[in-house]
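J.: Fit chain B to the given chain A structure using the hints.
2 protein chains.
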Amino acid sequence: MAQHSIVELICRKRDGAELSPDELAWVIKSFTSGEIEKYQMSSLLMAIVFRGMTDGELGAWTEAMLHSGEVVDLSDVALPKIDKHSTGGVGDKVSIPLAPIVAACGVAVPMMSGRGLGHTGGTLDKLESIPGFFTNIPPEDFAKRLLEHQLVLAGQTETLVPADKAIYALRDASGTVPSIPLIASSIMSKKLAEDLDGLVLDVKVGSGAFMKTVDEATRLAETMAAIGRSHGTATVAHLTAMDQPLGTRIGNTLEIEESIEILRGGGPSDMIEITRTLAVEMLLLAGVARDADAAISRVRHVVNTGQALDKFRDVVAAQGGDPAIVDGTRHLAAAPHKHTLHARSDGYVSRCDALSIGMAVVRLGGGRVKANDVIDPTVGVVLAAKVGDAVTGGDELATIHYSTAEALASALPLLERAWSISPDPIEVPPLLISRIGR
Amino acid sequence: MAQHSIVELICRKRDGAELSPDELAWVIKSFTSGEIEKYQMSSLLMAIVFRGMTDGELGAWTEAMLHSGEVVDLSDVALPKIDKHSTGGVGDKVSIPLAPIVAACGVAVPMMSGRGLGHTGGTLDKLESIPGFFTNIPPEDFAKRLLEHQLVLAGQTETLVPADKAIYALRDASGTVPSIPLIASSIMSKKLAEDLDGLVLDVKVGSGAFMKTVDEATRLAETMAAIGRSHGTATVAHLTAMDQPLGTRIGNTLEIEESIEILRGGGPSDMIEITRTLAVEMLLLAGVARDADAAISRVRHVVNTGQALDKFRDVVAAQGGDPAIVDGTRHLAAAPHKHTLHARSDGYVSRCDALSIGMAVVRLGGGRVKANDVIDPTVGVVLAAKVGDAVTGGDELATIHYSTAEALASALPLLERAWSISPDPIEVPPLLISRIGR
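Going line by line, the protein sequences match chains A and B. Just remember that the working numbering sits 3 ahead of the position in the first sequence, which is counted from 1. Just remember that the working numbering sits 3 ahead of the position in the second sequence, which is counted from 1.
Next up, chain A with everything else stripped away, as it sits in the complex:
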């Protein structure tokens, strides 16, 4: 790798030139090593916000990030290795039932998840509300656990893609977060470091998502698919609606309960629909089902026979958690208090705002404003009325699970404004918006 001048590279990017793979690899390496100053990287990142990145730049940048630290080696695992990533939403606990379902179908799922920040929850936080459950699994244990259980539910380790951690922290503090190429490369570098054969992306669109428009979400999905393609990893993306929360339970323990319902063959219809759709994509990418119909049958089979729930119980036990939680012979800790929110008029729910409800759960103590905030796993909101539902004044809209009166007082104003009720019937917009990929 040649030596470059960071100021010259910033100026060229600023002026709209394309940087070479060697130059971009040098930037990532030199920033990770501390040779490039933060104030140089942040101004380069702002230039990227304005100028974007070509497919060539994006591929080189992501590869360099992905190789900035340790990479998981799953070459000993003969099964096809498929993971799923969601761009984050409210009530989005899909990974938790999805991973055991797909693993039960004979696919290896080396799933690495993140923590919640802002109004979106994080799979790791939800899993850790199961007593004893640990997610800090070193990369060298990955293959062994995957061979034994076909499933690992892990957090990002410190040694994996350190460039992304450093760049993300800098973007957060320098106003350079909203850039499709930077978001795409951040997600894809971490996922591709898992040594996958295929990846399914759930790109959320709407008030409770980071992408507010279908246009933006489509660009992000296409950009991530292009990175997957350039790395040689089959990648399929679904755009799904996130204007209202997914499912009926939002909050960490509440979402584990709903996930177990799904694994038992129950649960809310939107959760069932997304979980099944993504499971089918994962089976098709893995090549373990010859077509979508066969994949759907296989998914139904592992749920109906209890194999998916067994898989989850196995992994909970293998990662230190209490399997009695999965069996329902023991319950997760609950919040000490409940408060019911009622409809103020008759009509049809026209809006059940994901962002307001997500922020309300943060105010209840169930999410984080800063990365090192401690969360209360028990609090949250259980929805009784979602978009399209007919309600009569006084009907329950939601039950709030809370720990302190102060937290409830802080969350209530957000929740009281989260629902709109229309006198006319409402057509529920589709949950699955579009599909991008091969």
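Everything labelled a hint here was simulated from the structure, so no lab data went into it. Please read these numbers as outputs of a predicted model, since none were measured by experiment. There could be a bad hint or two in this list.
When chains are identical, the list treats them as one kind, so a pair holds in a single copy or across two.
Unchecked claim - In silico DSSO-like links for lysine-lysine, alpha-carbon gap of 30 Å or less: (1) K41 <-> K168; (2) K373 <-> K41; (3) K373 <-> K32; (4) K41 <-> K389; (5) K373 <-> K147; (6) K32 <-> K389; (7) K389 <-> K215; (8) K215 <-> K373; (9) K389 <-> K341; (10) K341 <-> K373; (11) K373 <-> K168; (12) K41 <-> K341; (13) K341 <-> K32.
T.: Quick look at chain B alone, frame taken from chain A:
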């Protein structure tokens, strides 16, 4: 001043919103105090490179910079206080004869200059090639010296506009230099901190200037004039050509010699033209001449009677320099060696490239690549043929004054490519391009 969130301000600027005067003042104050990180300021600066600044933003930003440190107080000086600033070029020693001419006409000239960097020379470096001459004059001595001599030839002190020093260093290292509003506010904050009644700007355009096109230079001049207006300081700008060097002598002592020639009523015609034009503007801004004709007569008078030269001698002596240099009874140190560059064909000089010649002088040791490089004041280039001149093969194009064979070898290739000779006569483009301001 309210407390603000720097990340929020960066995001708003990035997205094209206008920041308020209070917000911009807070940014400058908090960056100067270290509360805002460099990596936040550099990403804000890059957003400004892309988004520009409104007149309102620019005024507030410049005022905040100007008040970031000490400000010169010239309220005791009853004479009108007028300064001139050039955006920098090659062979541009105009300030040195101009300031004493204007001071001799009854105007107070509190001139603060900078050092050379890159291919452009700096007035301070040129003045310091006079043995003993000092330019580090504390702001509190300004008024006294100005009352006594009507002229101060000073450098920027550390306490004046510290925000500009910090921001300029960051811009230089983060690829955020070429932004018209940032350049304009940097220049104007320093000039307006001199407590002026009027300011004349010489905005250079062409190969040897920072602004390469008339369009860019016009935008810069208009932006600086708008800042002057919003501060209440009458500001006039001239756009002048900088495709070839100004005058015939380039290099520190060489330029002092040419400056003294001008003060004696001699010197190259382009130097005479610019010096006279800017002097007339300064006299008109000061209100000491009723019109341009009267101003020209006054300028001619102080040169022809030796009053301008006397003024320069006074100030040289007052600032520790040897007045015998001004009288010509003692000469400045000369470079040990000379090398003559000859024309290779007959014809007319169509190009005498300012940038190449400026860079050649840097390679001879007469300029700086880094801010703390030590310069050799004796070296430089004396031009014998400029654009439009008829030459015969073998005629002298220039004499190179050099100290070491290595420096000459490094500078020669640049100089050999600096001239073009055309078989057809060349029309010399105008030196004065346009005038902006009241």
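J.: Treating 30 Å as the Cα threshold, decide for K373 and K41: within, between, both or neither.
T.: both (21 Å within a copy, 21 Å between copies)
J.: Could you place K32 and K389 in one of the four classes (within, between, both, neither) given a Cα distance threshold of 30 Å?
T.: neither (48 Å within a copy, 49 Å between copies)
J.: Please work out whether the CA atoms of K41 and K341 approach to 30 Å or closer within one copy, between two copies, in both situations, or in neither?
T.: neither (47 Å within a copy, 47 Å between copies)
J.: Regarding K373 and K32, is the shortest C-alpha distance of 30 Å or less found within a copy, between copies, in both, or in neither?
T.: The answer is both: 28 Å in one copy and 26 Å across copies each meet 30 Å.
J.: Which holds for K373 with K168 at a C-alpha limit of 30 Å: within a copy, between copies, both or neither?
T.: Classified as within; 15 Å inside a copy, 34 Å across copies.
J.: Taking 30 Å as the upper bound on the Cα-Cα distance, should K341 and K373 be classified as within, between, both, or neither?
T.: Only inside one copy: K341 and K373 sit 26 Å apart there, 67 Å across copies, limit 30 Å.
J.: Should K389 paired with K341 be assigned to within, between, both, or neither, using CA atoms and 30 Å as the limit?
T.: Within one copy, since 19 Å is at most 30 Å while 89 Å is not.
J.: Indicate which option fits the pair K215, K373 if close means a Cα-Cα distance not exceeding 30 Å: within, between, both or neither.
T.: Close inside one copy (22 Å), not across copies (47 Å); limit 30 Å.
J.: State whether the alpha carbon distance between K389 and K215 is at most 30 Å within one copy, between copies, both, or neither.
T.: Only inside one copy: K389 and K215 sit 20 Å apart there, 62 Å across copies, limit 30 Å.
J.: Within a copy, between copies, both or neither: where do K341 and K32 come within 30 Å Cα-Cα?
T.: neither (51 Å within a copy, 48 Å between copies)
J.: For the identical chains here, do K41 and K168 meet the 30 Å Cα criterion within one copy, between copies, both, or neither?
T.: both (13 Å within a copy, 19 Å between copies)
J.: How would you classify K373 and K147 at a CA-CA limit of 30 Å: within, between, both, or neither?
T.: Classified as neither; 34 Å inside a copy, 56 Å across copies.
When each numbered hint is compared with the structure, violations occur for hints 4, 5, 6, 12 and 13.
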